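> Using the sequences and the hints, build the whole thing.
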Amino acid sequence: MAKLNINGKVRDVQAEPDTPLLWVIREIVGLTGTKYGCGVAQCGACSVHINGELQRSCSIPLSSVKAADKIVTIEGLSANSSHPVQKAWAAVDVPQCGYCQSGQIMAAAALLKKKPKPTDADIDEAMTNICRCGTYQRIREAVHQAAGNTRAADRATRRS
Amino acid sequence: MKKMIFGNGQRLSRRAFVVNSATAAGGFALGLNVPFVDALAHHGKASEHNATEVNLWVAIEPDDTCIIRIARSEMGQGTLTGLAQLVAEELECDWKKVETEGISPSRNLAAKRAWGEMGTGGSRGIRVSQDYVRRGGAAARMMLLQAAADQWKVPVGELSVADGIITHGNKKISYGKIAAAAAKLTPPDPKNIKLKDPKSWKIAGKPLKRLDTADKLNGSKVYAIDVKLPGMLNAAIRDAPVFGSKAVSFDDSKAAKMPGVRKVIKVKDTAVAVVADTWWHAKTALEAVDIKWDEGENAKVSNATIKERLREGLAATENNGERRNGDALGAIAGAAKKIEATYSTPFLSHACMEMMNATVKLSAGKAECWVPTQNLESSLAALSEASGIPLAQCEVHRHDLGGGFGRRGGTQDYVHQAVAIAKEFPDTPVKLIWSREEDQTHDFYRPISVCKMSAGLDDKGELVGLHVRSSGQSINAWLNPAGIQNGKDRRQLQGWYEEPGDAQLGYTVPNLLIEYVMRNTHVPVGPWRGVNTNQNAVYMECFIEECARAAGKDSLEFRRSLMKNHPKHLAVLNAAAEKGDWGKPLPAGVHRGIAQFMGYGSYSAATAEVSVDAKGKLKVHRMVLALNCGHPVNPGQIAAQAEGSVAYGLTATLYGEMLIDKGRVTNTNFDSYEIMRLAEMPKVETVIVPTYDFWGGVGEPTICVVAPAVLNAIHAATGKPVRELPLKNVKLV
Numbered sequence: 001m002a003k004l005n006i007n008g009k010v011r012d013v014q015a016e017p018d019t020p021l022l023w024v025i026r027e028i029v030g031l032t033g034t035k036y037g038c039g040v041a042q043c044g045a046c047s048v049h050i051n052g053e054l055q056r057s058c059s060i061p062l063s064s065v066k067a068a069d070k071i072v073t074i075e076g077l078s079a080n081s082s083h084p085v086q087k088a089w090a091a092v093d094v095p096q097c098g099y100c101q102s103g104q105i106m107a108a109a110a111l112l113k114k115k116p117k118p119t120d121a122d123i124d125e126a127m128t129n130i131c132r133c134g135t136y137q138r139i140r141e142a143v144h145q146a147a148g149n150t151r152a153a154d155r156a157t158r159r160s
Numbered sequence: 001m002k003k004m005i006f007g008n009g010q011r012l013s014r015r016a017f018v019v020n021s022a023t024a025a026g027g028f029a030l031g032l033n034v035p036f037v038d039a040l041a042h043h044g045k046a047s048e049h050n051a052t053e054v055n056l057w058v059a060i061e062p063d064d065t066c067i068i069r070i071a072r073s074e075m076g077q078g079t080l081t082g083l084a085q086l087v088a089e090e091l092e093c094d095w096k097k098v099e100t101e102g103i104s105p106s107r108n109l110a111a112k113r114a115w116g117e118m119g120t121g122g123s124r125g126i127r128v129s130q131d132y133v134r135r136g137g138a139a140a141r142m143m144l145l146q147a148a149a150d151q152w153k154v155p156v157g158e159l160s161v162a163d164g165i166i167t168h169g170n171k172k173i174s175y176g177k178i179a180a181a182a183a184k185l186t187p188p189d190p191k192n193i194k195l196k197d198p199k200s201w202k203i204a205g206k207p208l209k210r211l212d213t214a215d216k217l218n219g220s221k222v223y224a225i226d227v228k229l230p231g232m233l234n235a236a237i238r239d240a241p242v243f244g245s246k247a248v249s250f251d252d253s254k255a256a257k258m259p260g261v262r263k264v265i266k267v268k269d270t271a272v273a274v275v276a277d278t279w280w281h282a283k284t285a286l287e288a289v290d291i292k293w294d295e296g297e298n299a300k301v302s303n304a305t306i307k308e309r310l311r312e313g314l315a316a317t318e319n320n321g322e323r324r325n326g327d328a329l330g331a332i333a334g335a336a337k338k339i340e341a342t343y344s345t346p347f348l349s350h351a352c353m354e355m356m357n358a359t360v361k362l363s364a365g366k367a368e369c370w371v372p373t374q375n376l377e378s379s380l381a382a383l384s385e386a387s388g389i390p391l392a393q394c395e396v397h398r399h400d401l402g403g404g405f406g407r408r409g410g411t412q413d414y415v416h417q418a419v420a421i422a423k424e425f426p427d428t429p430v431k432l433i434w435s436r437e438e439d440q441t442h443d444f445y446r447p448i449s450v451c452k453m454s455a456g457l458d459d460k461g462e463l464v465g466l467h468v469r470s471s472g473q474s475i476n477a478w479l480n481p482a483g484i485q486n487g488k489d490r491r492q493l494q495g496w497y498e499e500p501g502d503a504q505l506g507y508t509v510p511n512l513l514i515e516y517v518m519r520n521t522h523v524p525v526g527p528w529r530g531v532n533t534n535q536n537a538v539y540m541e542c543f544i545e546e547c548a549r550a551a552g553k554d555s556l557e558f559r560r561s562l563m564k565n566h567p568k569h570l571a572v573l574n575a576a577a578e579k580g581d582w583g584k585p586l587p588a589g590v591h592r593g594i595a596q597f598m599g600y601g602s603y604s605a606a607t608a609e610v611s612v613d614a615k616g617k618l619k620v621h622r623m624v625l626a627l628n629c630g631h632p633v634n635p636g637q638i639a640a641q642a643e644g645s646v647a648y649g650l651t652a653t654l655y656g657e658m659l660i661d662k663g664r665v666t667n668t669n670f671d672s673y674e675i676m677r678l679a680e681m682p683k684v685e686t687v688i689v690p691t692y693d694f695w696g697g698v699g700e701p702t703i704c705v706v707a708p709a710v711l712n713a714i715h716a717a718t719g720k721p722v723r724e725l726p727l728k729n730v731k732l733v
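Sequences listed follow chains A and B, in order. For the first sequence, counting from 1, position 64 maps to 64 in the numbering used here; every step adds exactly one. For the second sequence, counting from 1, position 694 maps to 694 in the numbering used here; every step adds exactly one.
What the hints contain is simulated information worked out from the structure, not anything from laboratory work. Accuracy of the hints is not assured; some may be wrong.
As the list claims (entries may be wrong) - Calculated cross-link-like contacts (lysine-lysine; reagent style DSSO-like; alpha-carbon spacing at most 27 Å): (1) B/Lys228 - A/Lys3; (2) A/Lys115 - B/Lys683; (3) A/Lys87 - B/Lys96; (4) B/Lys228 - A/Lys9; (5) A/Lys87 - B/Lys683; (6) B/Lys683 - A/Lys117; (7) B/Lys97 - A/Lys87; (8) A/Lys114 - B/Lys683; (9) A/Lys87 - B/Lys209; (10) B/Lys683 - A/Lys113.
As the structure is a prediction and not an experimental result, all values here were calculated from the model.
Structural data, given as structure tokens:
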């Protein structure tokens with residue numbers, strides 16, 4: 001039995017130590033907002049925060065997560081989708097199918113925590129998750145908007 | 001009053017048992033209105049629904065919420081919002097009070113397909129539905145107005161309506177208050193309904209926000225892969241790596257003892273599945289099953305042998321479909337200047353982010369399935385066929401898709417597998433999820449082809465003859481043999497047709513011969529966003545570029561001179577050129593390319609700005625996509641589709657290819673099947689140039705011009721044509 005702190009709640013989970021955190025979150029804890037996309041840390045659909053750091057949960061075994069580690073999934077990012085990234089995602093109408101967007105939002109939130117005013121180059125470097133619908137342009141715009149970068153805000157106003 | 005009494009207990013109970021913590025907590029306390037659960041899945045509010053069905057397309061709640069019914073699938077393409085806009089436009093309701101409800105295929109079937117076909121592919125979701133959904137909205141409005149007129153005893157012509165409020169003098173009534181009376185009236189004859197002039201649209205035609213965004217932002221959206229049901233088991237599957245081969249035997253002595261494993265089973269003749277308590281247990285155990293395959297002759301096939309076969313098709317003389325006018329071969333032979341080039345494009349997988357999956361529960365005389373599907377009716381049919389349970393006792397539950405791109409339409413292979421597995425566990429839901437590796441290696445791939453292009457120019461540099469000979473695999477041969485008539489398979493000529501309509505060639509060439517020669521392989525093929533327009537646009541548009549350069553003419557002017565008889569194609573090309581600053585100076589090292597093509601009833605063109613550095617590294621800086629889809633229903637979503645088509649098309653251009661070795665796909669995940677990331681996304685500008693005289697598609701038309709515009713810009717940058725894809729295999733300098 002392992003103890004996990006997910007979204008501020010400590011839970012006992014029963015799983016083999018080599019079970020990837022992704023599948024513990026999805027199948028044992030039952031939070032399905034974190035997605036399976038590749039299983040090999042390539043796509044980022046499974047992105048969560050562990051102690052504030054962005055991590056690809058498909059490639060983290062349960063055994064390497066300590067009870068004291070604070071895990072945040074998309075469900076715990078904010079109450080009522082009120083995180084600036086979530087608000088910007090809505091304002092820019094980012095999602096298409098939406099499947100990768102939990103991971104994209106978690107990646108953007110982690111970026112803004114480190115770099116509150118990211119440049120395009122910062123966004124290029126940090127936002128490496130795969131989106132097959134191709135929402136990349138709007139993701140960039142929404143990150144700028146969440147950061148309060150005026151250039152992006154101007155662009156968004158023009159569109160709507 | 002026609003109350004919405006569709007609930008028969010079964011539906012209510014099945015939904016009540018869906019225990020996803022994230023499922024919106026709707027109270028369906030009345031036991032009526034059960035179908036609204038699907039509306040809740042989209043963007044529900046946690047209130048009791050007590051709506052009155054005015055007609056098939058519109059139900060209205062006492063609080064004026066207008067529920068618009070949607071039959072087509074939503075996979076990110078925005079059709080749900082667009083269809084709702086069209087209904088709401090005619091209904092004259094308050095857009096802020098619109099919700100949507102997905103129609104289940106069983107309900108459609110029981111109503112003799114009153115909601116029309118449900119298949120969502122070929123960019124038809126809006127263009128094929130628009131007439132009847134608009135009439136549905138208009139009919140509901142007319143009934144609501146008539147009911148108010150009857151209540152007030154005034155002529156209906158004296159009423160006005162806006163935002164769901166009907167007004168006569170100082171009397172007002174909202175839709176929610178009059179819906180019950182309206183529902184009792186005889187609906188107007190659809191033929192007598194006058195639809196609005198699209199130029200007067202207030203809701204449709206506007207770049208409104210999508211209706212289905214909220215639950216994509218907080219993890220609460222339940223895709224089929226997320227479904228949880230009481231007692232549910234999970235399955236992982238391994239189908240024969242070599243397409244068409246069989247699983248002879250398997251040794252599960254190790255796997256059977258692994259944690260959580262319930263059963264290891266052979267699925268049909270070709271696959272082995274492990275069923276366990278969790279999917280992770282199933283997948284881990286599956287890797288421990290030793291499977292013996294009978295791989296046969298197909299295990300000798302590789303990319304090299306396939307290419308040889310396609311090249312043989314170029315050299316052969318017969319064809320499986322042609323378009324001919326004049327004497328192209330003679331004109332080319334006698335031309336002042338001859339140009340020849342052979343191009344190739346590879347197999348491609350769809351790589352939907354949500355991999356193939358299906359959850360099936362079989363009970364006595366009842367089959368249920370939860371599946372992401374582009375064709376709910378095909379899924380229903382597959383469920384019935386595979387289970388042996390009559391259609392009327394089958395149910396497919398709607399879930400929006402985590403991507404589709406043509407993979408999840410007619411084939412439904414995953415439903416057949418899931419049913420075969422669920423048969424081993426009566427009364428127990430079993431969720432089958434394909435691993436990414438399974439998804440990559442068992443797709444219906446975009447067909448491979450090679451194409452030899454020949455042209456003749458006269459002494460003024462004008463095109464006098466053009467011969468196109470494409471040799472490659474046929475989608476119809478794999479999925480729809482009935483589509484091949486007398487050995488002729490027109491579908492592979494997509495975009496090169498003569499007649500006006502869905503996919504017409506925009507050039508007039510005095511002597512033209514376009515041929516398709518079928519060379520099939522054992523690799524399954526199917527529709528892939530844009531289907532054959534992708535390959536055919538690369539061949540035509542890159543070669544037209546080569547011709548323009550050989551003629552010493554500007555790429556845009558050379559095309560224009562061939563397009564005088566195709567004003568719609570020309571107008572879109574001009575729009576792309578203008579917005580793309582064609583002919584204007586560029587920063588040092590940046591070069592432009594242009595392309596145009598037609599598919600799915602819409603006209604597309606693009607410009608691309610690229611640079612190629614001294615080491616041959618490519619950067620795509622900017623693209624302009626121009627589209628005439630006739631009637632733009634949501635310009636914001638059209639731009640989103642154009643942007644998405646750049647990402648999907650550019651990924652294919654830069655990286656996409658299936659590596660076939662020993663008869664199987666060997667690039668099995670995103671580490672070897674690379675996908676473009678955000679950093680490589682060019683700035684995309686979309687220019688919509690509608691002519692409002694036809695209804696064309698949106699999801700697919702623009703993708704086919706992405707690759708040729710970029711390739712032609714590379715040609716401009718390096719002075720050398722690119723004739724094979726993907727670019728990662730091509731040395732640019």
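> Which hints, by number, does the structure contradict?
none
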